[in-house]
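Sequence order for the protein chains is A and V.
For what it's worth, the numbering used here labels the leading residue of the first sequence as -18, then goes sequentially.
For what it's worth, the numbering used here labels the leading residue of the second sequence as -18, then goes sequentially.
Hints are supplied without guarantee of correctness; some may be wrong.
Unchecked claim - Over 12 Å on every C-beta distance to chain V, these chain A residues come out as not near it, computed from the model:
# : residue
1 : G43
2 : K45
3 : P51
4 : N58
5 : V90
To be verified - Each pair of labels, with its calculated beta carbon distance range:
#  : chain 1 : residue 1 : chain 2 : residue 2 : range
6  : A       : I101      : V       : A37       : 45 to 53 Å
7  : V       : R(-10)    : A       : A(-6)     : 33 to 41 Å
8  : A       : Q(-7)     : V       : P51       : 17 to 25 Å
9  : V       : M71       : A       : P51       : 15 to 23 Å
10 : A       : G84       : V       : P24       : 19 to 27 Å
11 : V       : H27       : A       : M71       : 27 to 35 Å
12 : V       : G22       : A       : Q(-7)     : 19 to 27 Å
13 : A       : P69       : V       : D14       : 43 to 51 Å
14 : V       : V68       : A       : R(-10)    : 22 to 30 Å
15 : V       : G43       : A       : P25       : 21 to 29 Å
16 : V       : P51       : A       : N38       : 22 to 30 Å
17 : V       : D(-3)     : A       : P69       : 33 to 41 Å
18 : A       : V68       : V       : A37       : 42 to 50 Å
Unchecked claim - Which chain A residues face chain V? A few, computed with CB under 10 Å, are given here:
#  : residue
19 : M(-12)
20 : K(-11)
21 : E18
22 : T23
23 : G50
24 : I52
25 : R53
26 : H56
27 : A63
28 : T65
29 : R76
30 : A77
31 : V80
32 : K88
33 : D100
If you're looking for bench data, these hints aren't it; they were derived computationally from the structure.
As the structure is a computational prediction, the values presented were derived from the model and not from experiment.
For every residue, glycine included, the Cβ atom is placed at its ideal position computed from N, Cα and C.
Protein chains: 2
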Amino acid sequence: MLSQEDMKRALQAYIDGFAAGDAAAVSDLFAADAVIEDPVGTPPVHGRPAIDEFYANAIAAGSKLTLDGPIRGSHGNQAAMAFTVEVPAMNMRIRAIDVMTFGEDGKVVEMRALWGPDDIES
Amino acid sequence: MLSQEDMKRALQAYIDGFAAGDAAAVSDLFAADAVIEDPVGTPPVHGRPAIDEFYANAIAAGSKLTLDGPIRGSHGNQAAMAFTVEVPAMNMRIRAIDVMTFGEDGKVVEMRALWGPDDIES
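Extracted from the complex, chain A is given alone in its bound form (with noise of 0.2 Å):
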């Protein structure tokens, strides 16, 4: 099984991914069947080359994570950690909860980022 370090450590690859502006860095934690659902509510992202994009675009936006606390892992499979994105392209704010999904490959299956209308400030 997985374990919570190797979590931990892929959900820093993707805040340091986000540092160095490494799209392919980031996407590619994500297995190749993957879904994103970001943020909850919204349709779900399907597979590498749509997660590739939707990557591409958030980067190329320029985004910078910071965390707002240390990441947590779990019991399971499922790590999590809560951070804040900068977007200066769109000179906003966004107050983020990513819980991300592993396979036993240690490739997120599934992320899901809980955030809404309230948590963005321009």
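Take the given structure of chain A and dock chain V to it, following the hints.
What follows is chain V alone, placed relative to chain A:
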């Protein structure tokens, strides 16, 4: 549909119920057939009688919750928060993220708590 404000108010009431040592106030946020998985990866607790007992025990241990940042909503029926739990009876501190799913009546139908063995300090 339940508003973002309604969901965030319920999560704040959860924090406040612990602060007040009021287990019933916390339990009453949940639907009769709610399910809690705290932490994720352990056997779920089903239904109000078991949930009532779960929170009676947590509050008897003196647990207090401090938010790590603002409560997050979503574009759907979920909200989430990152917080630190102080448990004086066990001389420990747990860093957690709770994700709550709401029914149309405003009651919580599912709560999932993300924290692992590494998220405990003693």
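These are the hints, each one checked on the structure:
{"no.": "1", "hint": "G43", "result": "holds (22 Å)"}
{"no.": "2", "hint": "K45", "result": "holds (16 Å)"}
{"no.": "3", "hint": "P51", "result": "violated (6 Å)"}
{"no.": "4", "hint": "N58", "result": "violated (7 Å)"}
{"no.": "5", "hint": "V90", "result": "holds (15 Å)"}
{"no.": "6", "hint": "A:I101 with V:A37: 45 to 53 Å", "result": "violated (38 Å)"}
{"no.": "7", "hint": "V:R(-10) with A:A(-6): 33 to 41 Å", "result": "holds (35 Å)"}
{"no.": "8", "hint": "A:Q(-7) with V:P51: 17 to 25 Å", "result": "holds (22 Å)"}
{"no.": "9", "hint": "V:M71 with A:P51: 15 to 23 Å", "result": "holds (19 Å)"}
{"no.": "10", "hint": "A:G84 with V:P24: 19 to 27 Å", "result": "holds (22 Å)"}
{"no.": "11", "hint": "V:H27 with A:M71: 27 to 35 Å", "result": "violated (43 Å)"}
{"no.": "12", "hint": "V:G22 with A:Q(-7): 19 to 27 Å", "result": "holds (20 Å)"}
{"no.": "13", "hint": "A:P69 with V:D14: 43 to 51 Å", "result": "holds (46 Å)"}
{"no.": "14", "hint": "V:V68 with A:R(-10): 22 to 30 Å", "result": "holds (27 Å)"}
{"no.": "15", "hint": "V:G43 with A:P25: 21 to 29 Å", "result": "violated (41 Å)"}
{"no.": "16", "hint": "V:P51 with A:N38: 22 to 30 Å", "result": "holds (25 Å)"}
{"no.": "17", "hint": "V:D(-3) with A:P69: 33 to 41 Å", "result": "holds (36 Å)"}
{"no.": "18", "hint": "A:V68 with V:A37: 42 to 50 Å", "result": "holds (44 Å)"}
{"no.": "19", "hint": "M(-12)", "result": "holds (8 Å)"}
{"no.": "20", "hint": "K(-11)", "result": "holds (8 Å)"}
{"no.": "21", "hint": "E18", "result": "holds (9 Å)"}
{"no.": "22", "hint": "T23", "result": "holds (5 Å)"}
{"no.": "23", "hint": "G50", "result": "holds (4 Å)"}
{"no.": "24", "hint": "I52", "result": "holds (9 Å)"}
{"no.": "25", "hint": "R53", "result": "holds (5 Å)"}
{"no.": "26", "hint": "H56", "result": "holds (3 Å)"}
{"no.": "27", "hint": "A63", "result": "holds (4 Å)"}
{"no.": "28", "hint": "T65", "result": "holds (8 Å)"}
{"no.": "29", "hint": "R76", "result": "holds (6 Å)"}
{"no.": "30", "hint": "A77", "result": "holds (6 Å)"}
{"no.": "31", "hint": "V80", "result": "holds (6 Å)"}
{"no.": "32", "hint": "K88", "result": "violated (19 Å)"}
{"no.": "33", "hint": "D100", "result": "holds (5 Å)"}
Against the hints set out earlier in the document, violations occur for numbers 3, 4, 6, 11, 15, 32.
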